[in-house]
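For this one, chain A is given, so just place chain B on it according to the hints.
Protein sequences, first through last, are from chains A and B.
So for the first sequence, the UniProt record's numbering puts the first residue at 1; every next one is plus one.
So for the second sequence, the UniProt record's numbering puts the first residue at 1; every next one is plus one.
The set of hints was computed from the structure by calculation and includes no laboratory data.
Positions of the beta carbon are idealized from the N, C-alpha and C atoms, including for glycine.
Fair warning: there could be bad hints in the mix.
[What the hints assert, rightly or not] Okay, derived cross-link-like pairs now, DSS-like style, lysine-lysine, Cα gap no bigger than 27 Å in a straight line:
hint : chain 1 : residue 1 : chain 2 : residue 2
1    : A       : K38       : B       : K423
2    : B       : K471      : A       : K12
3    : A       : K12       : B       : K577
4    : A       : K44       : B       : K423
5    : B       : K423      : A       : K48
6    : B       : K423      : A       : K31
7    : A       : K38       : B       : K471
8    : B       : K471      : A       : K44
9    : B       : K316      : B       : K201
10   : A       : K38       : A       : K2
11   : B       : K423      : A       : K83
[Unchecked claim] So, partial list: chain B residues that the calculated Cβ filter (under 8 Å) puts toward chain A:
hint : residue
12   : G384
13   : F386
14   : I407
15   : F427
16   : L428
17   : D430
18   : S433
[As the list claims (entries may be wrong)] Have a look at the derived ranges for each label pair, beta carbon to beta carbon:
hint : chain 1 : residue 1 : chain 2 : residue 2 : range
19   : A       : E34       : B       : K549      : 32 to 42 Å
20   : A       : K83       : B       : R422      : 23 to 33 Å
21   : B       : P545      : A       : T18       : 38 to 48 Å
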Amino acid sequence: MKLLTHNVLTSKCIRGVTVGYPLLIKATNVKVSEVEFKPDFVAKVLPKIEWDVLANAAESLGHWQNLPKELPNNYENDTDFLKKIHRVLLEVEVIQGELICPESGRKFPITNGIANMLLNEDEV
Amino acid sequence: MSQNVEPFKGLKKLNRKLAKLHHILKRDINISTVSTPTNNLVLCNSGLVNGLTEDQVFEHFSKHGEISNITMLPGKSCCFVSFSKKDSATSAYECFNGKLNISQNNRPVYLSFVEEVPKPSIEVIWNELPPGLLVFKNFISTEEELNLLKLIDFNHEQCGLLKHRLVKHFGFEFRYDINNVDKNQPLDQSVPTETDFLWLKLAQIQPEFKGFKPDQLTVNHYAPGQGIPHHIDTHSAFEDPIICLSLGSSIVMEFKKDGTHTCVLLPQRSLLVMSGESRYDWTHGIVPRKFDIIKTKLGGYTCLKRTTRVSFTFRKVLSTGKCECFYRSKCDSFLNCNIEEKMAVQLEKMHVHKVYDNIANHFSNTRHKPWPNVMDFVQSFDSGDFLVDVGCGNGKYLSNNTHTFEIGCDRSANLIEICRNRKFEAFLTDCLSIPIRDNCIDGVISIAVIHHLANESRRLQAIQEIVRILKKGGKALIYVWAHEQVKNKQKSSYIMQDRKNRKGTKEMNGQCLTSAQQVSLDSGNITLPVHSNRSNFQADDLLVPWKLKGDEEENESVFLRFYHVFKEHELEELCLKVENVRILKSYYDQGNWCVLFQKM
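If we strip away everything but chain A, and leave its shape as in the complex, we get (with noise of 0.2 Å):
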C-alpha cells in the first residue's frame, strides 16, 4: 500500500463510524521501491491530496525527510521537493502491517502489500 492511496482511505463504511479518518498506520514492514519520477505528475497530485495526513503518515513510518509541516507555495518548479515528495507518495510502501479505524479501532490487516479492507457482515 502506498501512501498516496492511504491518502484517500477511510473507514467511513463500518457502521456508527462517521468520518473514519486518516487512518492509523501500524506497520511491521516497510519497503522502498524505485518509480518512475514524473514532476508533472507530482505537481498536479499535491493539491488533491491531505497534506497533514500526508506528512502524518510518513512521518510515522519513519520516511518523512524533514518535509515542511504545511505544502509550500511555489513548488511546481522545486525539483528536489518533488523528488522527495514522490518518493513518500509512490515510493514507500507498507507490506505488512495494519490500518486501524480512529474511531472503532477495528484493524485492517496488511499483507503482501495489499490492505485488506473488507468488513464483516454485521459490521455493515
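Below, chain B without anything else, positioned relative to chain A:
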C-alpha cells in the same frame, strides 16, 4: 394402405411372437389378453415410444368401424383401440394382425383382444374449457374471413420463418429470443384497422371485454403438419385477455395445467378468448400433425383433416411491464422479483466470491485484451487524476496510463494477489462499501462487476458508492452483461465464440430454449436456471458455468457464477435513481450495456 399389408406368412411364427408379447404385456402393465373377441384391441408391439401416433392408429383402424377410444400410454411400446362394435374390432384384428406395417421400422403390428383398457395416468379431457377460456363459433362470416386473409400475403410480404411456421407481426415485433416485445420499438405497421370490427362485436356478445383494443398482432401461418410448442404468453409482456381468431382451417388446441390435459376444438372462423386462469396458469399448444382426432359428443372419435390455418393473435402490451396476477408460479414478474437480502448475500458469497477465488488464475489468463471503449475512457483523464477500478479483476485496465494514479480494488483475494504481482496498486474490498473518502476521485470504471450483485437494491448501492467517491464533475463508466446477446441481428462475440452459432441468427433462438436446466443452491431454497454457455439468456437471474480444466483432461470442474443480466435501459434507469448523476453516454458494446455518467 394396401402396400402396408403383407401376405400372411405362417401361423406358427405369429403365435410364437404373440406369446412373447403377451408375456411382456402382463409383466409390464399387468394386462391379460383374451382369445375370444372383445371391443378392445391392444397393439402389442407399438406405442408412443416407437413413434406411433394417435392419428396413425385412427387412420387405419377407423376403416373398420366407429372407434370409441384410443389409449396411448406415455413411455410404453403398446397402445389400445376400442370400437363401438365387437364386429369392427374383429374385422380390424383379422385384417391387420401381423400384416399392418406401422410398427417401428415398418415392421408389422401384432394384435390381441383385451377385456379392459388401462387408464392413462393423465387423462385427456375433451371440450371442457379451462376457467376463463371462451370459444365463439362462427364469430365472423366467410366473407369477413376472406377479407382478413387478404390483409396478409405470406408469399410476398416480409415475414419471419420460424422452425415450424411462418409468422408476421403488427404493432410490435414479438421477439422469440426474449418471449416479449420491445416496447420502445414499435413497428411501422400497427394493428390493421380492418380488424377493429371484431372488438365491437365482442363487446356486444361479452360486455366484460368492452374497451379491449389490441396494439399487437401476430399472424401465424400453419401448414398441415405444423404446430406450436406448449407455452404461456409471458405475463409481464401482455395484458389479459389474449384473443385468437382461427382462419382457413379448424384445429385442436391443447391446454395443460399440472396433471390436467384438455383438448379444445377451435373451429374455422371462431374467436378464442383466453383470460384469467386460462391465460395465466395454463399452457397452450398445437400438436404438429396433419389431422386432428376429435371426440364427438356421443363419445366416439372422428377425424378432422387440417388445411392451411392462419391465426390472428391479438394482444395488448402491458405498459408497466409488471404483471400483478395471482398465478405466481407461472408469473415472470413474481419469479424474477428481488432476491431477498439474506439470500443475496449467501448467493454472492458462494456463487461469486468463492468462484472467483477458485478460478482466479484461469480467469486472469483469459483476460488480456482491454476493451477499446474502456481504454479510450481511461486514457481521457488529465495528468494527476485519480482513477479507481471497482472490481479490477487481474488489473487489465490498471497499467495503461502513466500520468494518472490508478487504484484497483476487488472482492477476490486471489485476483488482487495477481494485481500485486503485476506491481499494480490494489486493495481488497467489497463494491458495496468502498473504503474511499467522499468526493475525491476523478474517474471510476466498473467493468463487468455490478451484474454479480444478486438484487436490485445491492446493484443500486454499488452505483451509489461509485457516485459517492467521485468528485463533482468526475466521470464513471459502467459495463454490465446484457440480456440481449443478439442486437440488430448482430450476435455478440460471446455468442459467436460457439461455432454452432456462426450460421443464421434464427437457428440459435430455437436451440437454446431447451438447454436451460434448474439447480438448487444448498445455501437456501432458491432455484436458478443454469445458463447454457454461448447461447441467449433465458432469465434475468441465473448461474453461468465456468469450466476449469485440471492437470489431466478428465479433471474438469465446473463453477457456477451468479449473474443478473441487464435488459435494455435497466442500467440507465438504475444510475438515474442516484442523485447528482447525469448520463453522458449510454450504449451497447459486444453484449454489454454501458453507461458513462458524470457526477453533478
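Structure-inconsistent hints, enumerated in ascending order | Of the numbered hints, all hold.
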